[in-house]
Amino acid sequence: MEQFKLRIITPDRVFYEGDANMVELNTTEGEIGVLPGHIPMTVVIKPGILTITEENETKEAALHAGFVEILQDSVTVLAEIIEWPTEIDAERAEAALHRAEERIKNHTPETDMARAETALLRAMARISVLK
Amino acid sequence: MASMRDIKRRKGSIQSTQQITKAMKLVSTVKLQRARQNAEKSVSYFSCMYETVTSILGMTMGMKHPYLDGGSAGKKAVIVMTSNRGLAGGYNSNIVKLVTGSFSKEDTVIYAVGKKGRDALARQGYEIAVDASEIVEEPAYADAMCLTRRLLEAFEKGEISEIYLAYTYFKNTVSHIPTLTKLLPVALQEKEPAEDTEREEVRGAQAEKEGQNDGEVRKAPMNFEMDDEDALNLIIPKYVTSLIYGGLVESVASENGARMQAMDSATSNAEEMIEDLTLMYNRARQGSITQELTEIIAGAGAIS
Chain A
1 MEQFKLRIIT
11 PDRVFYEGDA
21 NMVELNTTEG
31 EIGVLPGHIP
41 MTVVIKPGIL
51 TITEENETKE
61 AALHAGFVEI
71 LQDSVTVLAE
81 IIEWPTEIDA
91 ERAEAALHRA
101 EERIKNHTPE
111 TDMARAETAL
121 LRAMARISVL
131 K
Chain B
1 MASMRDIKRR
11 KGSIQSTQQI
21 TKAMKLVSTV
31 KLQRARQNAE
41 KSVSYFSCMY
51 ETVTSILGMT
61 MGMKHPYLDG
71 GSAGKKAVIV
81 MTSNRGLAGG
91 YNSNIVKLVT
101 GSFSKEDTVI
111 YAVGKKGRDA
121 LARQGYEIAV
131 DASEIVEEPA
141 YADAMCLTRR
151 LLEAFEKGEI
161 SEIYLAYTYF
171 KNTVSHIPTL
181 TKLLPVALQE
191 KEPAEDTERE
201 EVRGAQAEKE
211 GQNDGEVRKA
221 PMNFEMDDED
231 ALNLIIPKYV
241 TSLIYGGLVE
251 SVASENGARM
261 QAMDSATSNA
271 EEMIEDLTLM
281 YNRARQGSIT
291 QELTEIIAGA
301 GAIS
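Residue numbers (my numbering), protein chains in the order written: chain A, 1 to 131; chain B, 1 to 304.
Derived by calculation from the structure, the hints in this document are not laboratory data. Built from N, CA and C at the ideal position, the CB exists for glycine as well. Hints should not be assumed to be uniformly reliable.
To be verified - Under the rule of at most 30 Å between Cα atoms (straight-line distance), these lysine-lysine pairs were calculated in the DSS-like manner:
(1) LYS171(B) <-> LYS41(B)
(2) LYS11(B) <-> LYS22(B)
(3) LYS97(B) <-> LYS182(B)
(4) LYS238(B) <-> LYS5(A)
(5) LYS25(B) <-> LYS8(B)
(6) LYS105(B) <-> LYS75(B)
(7) LYS171(B) <-> LYS157(B)
(8) LYS115(B) <-> LYS8(B)
(9) LYS41(B) <-> LYS5(A)
(10) LYS46(A) <-> LYS157(B)
(11) LYS76(B) <-> LYS31(B)
(12) LYS41(B) <-> LYS46(A)
(13) LYS157(B) <-> LYS75(B)
(14) LYS76(B) <-> LYS97(B)
(15) LYS59(A) <-> LYS238(B)
(16) LYS41(B) <-> LYS59(A)
(17) LYS46(A) <-> LYS238(B)
(18) LYS11(B) <-> LYS25(B)
(19) LYS46(A) <-> LYS182(B)
(20) LYS22(B) <-> LYS171(B)
(21) LYS41(B) <-> LYS115(B)
(22) LYS182(B) <-> LYS75(B)
(23) LYS8(B) <-> LYS76(B)
Unchecked claim - Counterexamples of contact, computed for chain A against chain B with all Cβ distances above 12 Å:
(24) ARG7
(25) ASN21
(26) GLY48
(27) ASP89
(28) VAL129
Next comes chain A alone, as it looks inside the complex (with noise of 0.2 Å):
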């Protein structure tokens, strides 16, 4: 099958790096799946699952914020914060979802809802990786 070069940067390490058959990631406007061929485009990412599909197998990683740059050929995931499964607490996931939607129900005028709903949206990526 066609593949094409998956690179995912983050400010402090080469998250990853290979050929991949497929990616799927959350974006401001929905959620996309991009294969080989795809015209170039940018995208800005919202707190959501990044699915990797290679040859044999599928890689998945919780992606919280960043841009993507979408190439024929490649794809370049620039990321703010990204985790694989295994570098995710459970437990801190769970806690920070519960305080986000606490936010959210009683909220106040004072209270950022944009970000308190990016924390539940993160929270909420962290845990569905993690299952």
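Starting from the known structure of chain A, arrange chain B on it as the hints suggest.
Leaving out everything else, chain B in the frame of chain A:
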């Protein structure tokens, strides 16, 4: 001529100072290696970030946006990156000089990262808006994000109209260059020379591969899912954050490099002084022995 005891005491004190400077040199060597690795690891992120932002700015040319053409007549904000501790040669004073030479204290607010720079600028009458000195110890991307958020809030409120970053560019272990970069408003034709050389230098091995990527980026017109203004709103803060983080890791590497150098020369200076003092001590010892002998001989002569 100083007495033997004085010389010995002086030598002892220099020796213990030398031990301290030697230890500090070793510590900063280790820290430098780590800081350097951090700086090198982040390079590929910044080169991609830079390419993307350049291509986006190329698309949105002629657009009106506060991030591109500056806000109202507010003050200028300068992020000053120095160290929290001294004994690093000219590292801190070079940055302070750069800032005082380029900005007047009337229309500048300082975002201090590092106690030394903060104190020096506060003494000279600059206004310190934010003090984030603790992030120098362990630079993390989250810290840079936090600082960016505060800066952009002030920028959007119109309190500041321009944002500059003063940091020390880590060229190599012995050469650190104090650098001033304009973060906002983003000027398209402006390329940070430091940023560029850094990329080219450290990329080295990757150059070929990256070079191909460069070509592709320019060939293909980029599409955006959202409209241009949203793209700028989302991507420019990330760009600023990455520059701040980049400046931070470079500064930390430079700080340790500068300290290592300073401590190295202090150690060798101490070595030199010890040599001189040893010579003086030996002369004084010989002198006193000769004197004693003369006295004994004179005494014996008087008795017989």
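- Item | Hint check, failures only | 7, 8, 11, 23, 24
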